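Visitor: Just so you know, the protein sequences line up as chains B and R, in that order.
Residue numbering for the first sequence follows this note's numbering, beginning at 1 and increasing consecutively.
Residue numbering for the second sequence follows this note's numbering, beginning at 1001 and increasing consecutively.
In short, the hints are calculated from the structure, not lab data.
Remember, it's a predicted structure, so these values are computed and weren't measured experimentally.
It is possible that part of the hints are untrue.
Stated by the list, open to error - Short, incomplete list of chain R residues facing chain B, as computed with Cβ under 10 Å:
1) L1017
2) R1023
3) R1024
4) L1026
5) L1027
6) M1029
7) L1031
8) L1035
9) E1095
Beta carbons are placed, not taken as given, at the ideal position from N, Cα and C, and that holds for glycine.
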Amino acid sequence: MTAAQVPLSAWLLFAAPIAALLLGFFVFRPLKPEWTHLPILLSCAVVTGASLALTARVLAGGSFDLNLYRWAAAGRWAIDFGLRVDGPGTAVLSMVAVVGSLIHVYAASYMKGDPGFSRFFLVFHLFFLAMIGLLTANNFVQLYLFWELVGVASYLLVGFWFHKESARKAALKAFLTNRVGDFGFLLALLLILTSFKVGHFQLVYFLVRNSTTMPEFLPLIGVLLIWAACAKSAQFPLYFWLPDAMEGPTPTSALMHAATMVTAGVFLLIRAWPLIAAVPALPPLVAAIGAFTAVFAAVLAATKKDLKRILAYSTVSHLGLMMLALGLGQVAVAVLHLIIHGFFKAALFLCAGNVGHAIHQPTANVDDVGGWGPSMRMTQACFVLAALSLAGIWPFGGFFSKDAILDAALARGGAFALAGALVSVLSAFYIFRMMFLTFHGARPEQKGLGAHPHEAGPEFVAPIVLLSLGAALAGLLKSRVETLVVLGWQQVPFVVPIIGGQLRILRADLPGVSVLPEFSATVFAIGTGLAALGAGAAYYATMMDASWDWRWRASSPRLSNVFESDFGWKIVVDRLVAGVAGFARFVGQVFDKAWWDGAIEGAGTAAGGAGGILSGFSRGRLNDALWWMTAGTALLLAARGLR
Amino acid sequence: MSAAIWAITAFLFSAGLAAVVLRRQLLAMLLGVELMIAGVNVALVHYAGRYADAEALAAVAVVIAVAAAEAVVGLSLILKVLRSGRGLDAGDLAELRG
């Protein structure tokens, strides 16, 4: 395959967003900033069409992987830019395109009238473009570049309302935490280049598969990649930036949580899975991190009061489930859950956006709402659909992926089974708690209808309706995703221009890619029972014993503090950050100012002082000068005589 | 023979150097310079005769010419300093004091 044979849709994937960004920045932003979204929405439509076309192509067996441009080369090393259109890539890409485009449409009405409307849309679309690049990269270096671009765009969006101090802080927190993870990725990247001499996925897969001895750094590479994914995908211990990233506008949260940001970490692990699976100890590590995070965040989500914060912890928990699925070797399940999660989480966030919009605030607290169902029928209906999907109730989308994860976890048994069961109960509990608290009741502690909520206009509702329908129906994609991941991944012909001339086609059989687990009635019963248990508990705690949420908070402030500080982990992180900040202050103020500057200034002072002393010898007398001349000449002659 | 010549040269050169370094009177210092040149010339002439070297004699001639020029320049400088009203004492000419 040559560059000329690359289908038009693959080119459009990049051409449309870049053209829209250039047009938006150079033409609309200076002339008509309130129209900046027009080329960008058009680009979204093009990208959606192109990515669906590419997915159809891959399903028909047309995966390809191609180097397009040699960016840098030195000796036997080279860094290429290429295009990899394969199963997992297009599966995630089509979800990102569809969900991202709907969020763009929502953002066009949500952000209308904001003074930074034009800036918002440009950065928002850059975020989208970065994710497209990340999903179609064909080597680790390219993936890393787009990975960083995603980080930058998220920083700009979280800190979008930079006049608010909390937004600036949250943006910095998100960026710096991601830097901590990115550093792991960078080290892993350098180790990959050192050990394998190439960064192309397909070549690395091939080398891992066919080398008789395992490269000595492989376990370290795996651990570093997992570390990077933990930061990007908000896994314990680096999850804490994600709930704070709520400070950005709601469409940003929806895009970050559903499509573009946090899925990048999971996607990195999917891309690197043949490497990680080659080290027997690493998949259980991934599963353990995922299981722990899933339970940990689900418990916290059940105790938070801010609506967007509940959803943020829920995202952390669901990303944990994806990691758990990956760790159990279920790559296709992880991709499926990633896709379905994208739909229902985007819908839930936009519903939360509508709720906040009703009281003209970026976010709402459970105290501000209550009994809003009758005034926001459409939002409520969408929320219910998405919540049923999240809770994993048959036949809604989330059921299919969560059932498969639960199946895998139960099959593995032990702590993983327990974690899977706990998450099933807890996720149903927190999402139904949020639903009941928002749309039902109006408890005495809540403002309820006193806040005069009103349904947002159709332009706010339409994208959510589509998203929640997607969330409800995404289960239909199950077999397609399986085909994409299992076959679309393995059948990638990769043409390698080996330095020296000849071309070789490599096919790598991939380890650790298994088909979805068979449907099992027992797991179905267990999963549904657990979800029903969670939903029932939520009903009891919010409707029958309506003030329970406020009562336990008031009666045991210590417990409330424990949950508020994420079981103390936030305090540990704050201490760590304070330690690092203290060290930085020491370097900046004590070391740099007092010691280093002191040494430099001291050198100047010493030179001045020495000059002062020596100038005493220079009285300006002719005779003195002649004396020194004579003495110097005598010395020179003496030295010559001695030689 | 050579020893006597060396003694004369050394005496003239040292006396000239002492005058240059120790005296402050500008004319005396200039005189010292002339003495040093004369001392060196004595030695040069002696050795030119001894080794029958015309080049050395030529060098002597050049040195005499340069010394004359130097005397002219030196004297005119001294005259300039005198006219500027700052006397002839080198100790008073200390504009370059550090």
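Visitor: Which constraints among the numbered hints does this structure fail? Numbers only, ascending.
Guide: Hints 5, 7 and 8 contradicted; others consistent.
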